[in-house]
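**Q** Required output: the full structure, derived from the provided sequences and hints.
Note that full-length UniProt numbering has the sequence shown beginning at 1, numbered continuously upward.
Each hint should be verified, as a subset may be incorrect.
[To be verified] Label-pair distances were calculated between CB atoms; the ranges are:
no., residue 1, residue 2, range
1, LEU56, LYS187, 31 to 37 angstroms
2, ALA160, ASP18, 39 to 45 angstroms
3, ALA176, TYR39, 28 to 34 angstroms
4, LYS179, LEU56, 31 to 37 angstroms
5, HIS72, GLU98, 18 to 24 angstroms
Don't read these hints as lab results, they were simulated from the structure.
Every residue, glycine too, gets a C-beta built ideally from N, C-alpha and C.
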Amino acid sequence: MNSVNPKVINLVLLTFLDTESQMKVREIRNEENVRKWMYTDHIIEANEHLGWINRLKQDDRKIVFAVLDEVHKPLGVISVNAIDRLHKKADWGYYVTENVWGGLGSALEYSLINFIFNSLGVEKLNCEVIEGNDAVVKLHKKFLFQEEGFLRSNIFKNGARIGVHLLGLTKEDWLAGYKEIQKKYDKVFEKFSVFIQWPQDNEKEYPHPIDQIEAARARNNLNWMSILRLALEKSPETAKPIVADIKNIDREISALTDKLTDPLA
Numbered sequence: 001m002n003s004v005n006p007k008v009i010n011l012v013l014l015t016f017l018d019t020e021s022q023m024k025v026r027e028i029r030n031e032e033n034v035r036k037w038m039y040t041d042h043i044i045e046a047n048e049h050l051g052w053i054n055r056l057k058q059d060d061r062k063i064v065f066a067v068l069d070e071v072h073k074p075l076g077v078i079s080v081n082a083i084d085r086l087h088k089k090a091d092w093g094y095y096v097t098e099n100v101w102g103g104l105g106s107a108l109e110y111s112l113i114n115f116i117f118n119s120l121g122v123e124k125l126n127c128e129v130i131e132g133n134d135a136v137v138k139l140h141k142k143f144l145f146q147e148e149g150f151l152r153s154n155i156f157k158n159g160a161r162i163g164v165h166l167l168g169l170t171k172e173d174w175l176a177g178y179k180e181i182q183k184k185y186d187k188v189f190e191k192f193s194v195f196i197q198w199p200q201d202n203e204k205e206y207p208h209p210i211d212q213i214e215a216a217r218a219r220n221n222l223n224w225m226s227i228l229r230l231a232l233e234k235s236p237e238t239a240k241p242i243v244a245d246i247k248n249i250d251r252e253i254s255a256l257t258d259k260l261t262d263p264l265a
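**A** See the structure below:
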């Protein structure tokens with residue numbers, strides 16, 4: 001592979017994906033090599049997964065991106081958690097499916113650190129790595145994270161108590177060293193073109209109610225198709241979170257319609 005034809009990687013908010021793609025993300029989350037490094041390592045059921053995604057829509061302290069290839073096939077997830085706007089800090093982590101291209105983890109880490117410090121107003125970025133996951137500890141340190149502590153015997157996993165590495169990176173350290181990292185790993189980074197789809201301020205400025213209604217109806221059409229698919233392929237129980245979402249969107253459409261017809265709106 002050369003820099004003339006880099007692999008296109010899109011980072012899209014997980015809540016923006018259709019349900020079929022969201023369920024593909026669940027399959028990756030349930031891969032053994034992903035689960036074993038998570039605090040919760042049980043098999044995630046469809047209900048649990050869809051319920052978690054629905055809660056993300058109301059959680060302004062968490063941003064979760066799906067990692068997609070050039071044909072929008074899910075490859076993994078990147079999350080920014082515990083966003084603290086007062087103290088300008090956050091936690092982060094990510095996982096990708098097995099057998100992805102070499103260097104993708106490095107390209108994602110570099111791109112996301114830049115995004116977090118430049119777009120989210122964060123000045124301190126933290127992460128936790130379960131004891132034994134030495135490759136990830138090494139990767140984070142390659143991108144200027146420093147080990148700030150080790151919590152001995154902190155979690156119970158596979159019948160034993162194990163520790164957790166605490167790593168952190170300041171914006172000041174990143175700004176002082178990112179150019180050197182870019183230069184050092186340029187041959188790796190040029191294999192990928194990472195695009196982060198993040199709503200800009202001007203996209204949030206009071207769209208016309210008709211446009212909002214059209215967008216809401218489109219979301220519900222996707223939800224109805226997802227319910228039909230789930231009802232045919234799986235237990236109807238898995239469709240319950242989507243039904244709740246449909247009801248919420250119906251209420252949203254009703255409110256938008258009232259706004260459209262209200263002469264004082």
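**Q** At the C-beta level, are HIS72 and GLU98 separated by a distance inside 18 to 24 angstroms?
**A** At 19 angstroms between Cβs, range holds.
**Q** Does the Cβ pair LEU56, LYS187 satisfy 31 to 37 angstroms?
**A** For LYS187 against LEU56, whose Cβ atoms are near 36 angstroms apart, the range 31 to 37 angstroms holds.
**Q** Is it true that ALA176 and TYR39 lie within 28 to 34 angstroms of each other by Cβ?
**A** Holds, since ALA176 and TYR39 (Cβ atoms, about 32 angstroms apart) stay within the stated range.
**Q** Between LYS179 and LEU56, does the beta-carbon spacing fit 31 to 37 angstroms?
**A** holds, 34 angstroms
**Q** Given the range 39 to 45 angstroms, decide if the beta-carbon distance of ALA160 to ASP18 lies inside it.
**A** Given a distance of about 40 angstroms, which is inside 39 to 45 angstroms, the answer is holds.
The structure is consistent with each of the numbered hints, conforming to all of them.
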